[in-house]
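Enquirer: Following the hints, position chains B and C against chain A.
Chains as they are written, first to last, in the numbering used here: chain A, 40 to 178; chain B, 40 to 178; chain C, 40 to 178.
These are calculated hints, taken from the structure and not from any lab test.
Note that the coordinates shown come from a computational prediction; the quantities given were computed from them, not determined experimentally.
Careful, some of the hints might be misleading.
Listed below are the simulated SDA-like cross-link pairs for lysine to any residue, each with C-alpha atoms no more than 20 Å apart in a straight line [what the hints assert, rightly or not]:
hint, chain 1, residue 1, chain 2, residue 2
1, C, 73, A, 151
2, A, 77, B, 84
3, B, 77, C, 155
4, A, 146, C, 75
5, B, 77, C, 143
6, B, 146, A, 146
7, C, 146, B, 81
8, B, 77, C, 144
9, B, 77, C, 95
10, B, 73, C, 145
11, A, 77, B, 150
12, C, 77, A, 82
13, A, 77, B, 139
14, B, 77, C, 85
15, C, 77, C, 92
16, A, 73, B, 160
Partial pick of chain B residues on the chain C-facing surface, computed with a CB cut under 7 Å [claimed, not checked]:
hint, residue
17, 61
18, 98
19, 101
Quick reminder that beta carbons are idealized off the backbone N, C-alpha and C, glycines included.
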Amino acid sequence: MSAIPAPLLSATVTLLIAFFYFYTGFRVGNLRAKHNIKAPACSGHPEFDRAYRVQPNTLEQMGIVLPLLWVATFYPIPWAWIAPLAAFVWLCARIVYMRGYMADPDKRITGAMMTGVCDLILLLLAIGGIALAWHGALA
Amino acid sequence: MSAIPAPLLSATVTLLIAFFYFYTGFRVGNLRAKHNIKAPACSGHPEFDRAYRVQPNTLEQMGIVLPLLWVATFYPIPWAWIAPLAAFVWLCARIVYMRGYMADPDKRITGAMMTGVCDLILLLLAIGGIALAWHGALA
Amino acid sequence: MSAIPAPLLSATVTLLIAFFYFYTGFRVGNLRAKHNIKAPACSGHPEFDRAYRVQPNTLEQMGIVLPLLWVATFYPIPWAWIAPLAAFVWLCARIVYMRGYMADPDKRITGAMMTGVCDLILLLLAIGGIALAWHGALA
Chain A
40 MSAIPAPLLS ATVTLLIAFF YFYTGFRVGN LRAKHNIKAP ACSGHPEFDR
90 AYRVQPNTLE QMGIVLPLLW VATFYPIPWA WIAPLAAFVW LCARIVYMRG
140 YMADPDKRIT GAMMTGVCDL ILLLLAIGGI ALAWHGALA
Chain B
40 MSAIPAPLLS ATVTLLIAFF YFYTGFRVGN LRAKHNIKAP ACSGHPEFDR
90 AYRVQPNTLE QMGIVLPLLW VATFYPIPWA WIAPLAAFVW LCARIVYMRG
140 YMADPDKRIT GAMMTGVCDL ILLLLAIGGI ALAWHGALA
Chain C
40 MSAIPAPLLS ATVTLLIAFF YFYTGFRVGN LRAKHNIKAP ACSGHPEFDR
90 AYRVQPNTLE QMGIVLPLLW VATFYPIPWA WIAPLAAFVW LCARIVYMRG
140 YMADPDKRIT GAMMTGVCDL ILLLLAIGGI ALAWHGALA
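Same shape as in the complex, but just chain A (with noise of 0.2 Å):
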């Protein structure tokens, strides 16, 4: 793994991530002609309210970890490749989430605490690669 640059092991979850927020907005459209809901509504059915709550879900949280994670790439800790890594587990955790959602709400929560570890973990890495810049910036 350490033989692939960790831009292009980013990159590819980037793009990994890109698809499956892709495929949710996907399903909100099909449900949307499957339950008859017309635009502007967003509610109408329970099955197309959490498909329509996944999908902005699933985008605010890429406004934590895309950021975090190019932060990461581009100002890495020694390890560099666990960044893209932990994008990839956040990604399958959104996986869980979108299942467990949609069988029911309540089920939601396994994928969300996976999710919020994954988050912590790129702050993490993005803070400590910060922090290596500054020092080797002010050295």
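Expert: Using the frame of chain A, we list chains B and C on its own:
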């Protein structure tokens, strides 16, 4: 066009996209005042409701397009300018979408379909660029 | 300040923004539990409703600020540190906005106006940087 570096083209399109998005938010604020809809309420008049859907829908789309554009810019296929061109067409599609949606929610479909086609092109470009980069890294 | 490279300043502000946004989401989750608002419902208590508007509003703003900040960082005007400084002031404006909004929705205006001014400054900086880069590429 090939004389201009692809990252500069992508940065220019990113600037235009950010400006367009800024404008969609500005319109929501204006219509909130015009129809006297007090925050935190987010609906109350059909014109406001439609504008209020255009803005987050644009943000949602940006969550797909900007990551794919920049993955495809940093890991380009040989014709690197196709990615910023696709993102520029996407921006035009968003303007078609906005104008259609404001006239009649059913008329948003043309712009939405053009948007989806641009999303798919950017996805394929990013997949192609990443595949080439992995091929190079593993060779 | 000019001794620190502008990309490191921008990355540091990006990290702070991602952390702030993480915090706005954390508060929504906490208030959801406090007021016992079960997903997928997204309203039910004024305090929750306001917190629930602050979070996506922050994300919406990030969709403007982060692309402009990074365009202005990679294509800087001579004083490259102005862009991360404007983004840092923007972050302070978001904190003013959040505190105002939670106290009373009408009190969000000060923070919202400060936010808008920072948006405009970043837009002008990005336009200036891109114009300089096009000038250089075409010269």
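Enquirer: Each of the hints needs a verdict: does it hold here or not?
Expert: Hints versus structure:
no.: 1; hint: C:73 <-> A:151; result: holds, 18 Å
no.: 2; hint: A:77 <-> B:84; result: holds, 16 Å
no.: 3; hint: B:77 <-> C:155; result: holds, 19 Å
no.: 4; hint: A:146 <-> C:75; result: holds, 16 Å
no.: 5; hint: B:77 <-> C:143; result: holds, 11 Å
no.: 6; hint: B:146 <-> A:146; result: violated, 37 Å
no.: 7; hint: C:146 <-> B:81; result: holds, 17 Å
no.: 8; hint: B:77 <-> C:144; result: holds, 8 Å
no.: 9; hint: B:77 <-> C:95; result: holds, 17 Å
no.: 10; hint: B:73 <-> C:145; result: holds, 16 Å
no.: 11; hint: A:77 <-> B:150; result: holds, 16 Å
no.: 12; hint: C:77 <-> A:82; result: holds, 16 Å
no.: 13; hint: A:77 <-> B:139; result: holds, 15 Å
no.: 14; hint: B:77 <-> C:85; result: holds, 13 Å
no.: 15; hint: C:77 <-> C:92; result: holds, 17 Å
no.: 16; hint: A:73 <-> B:160; result: violated, 26 Å
no.: 17; hint: 61; result: holds, 5 Å
no.: 18; hint: 98; result: holds, 5 Å
no.: 19; hint: 101; result: holds, 6 Å
Hints 6 and 16 from the earlier list are contradicted by this structure; the remaining hints agree with it.
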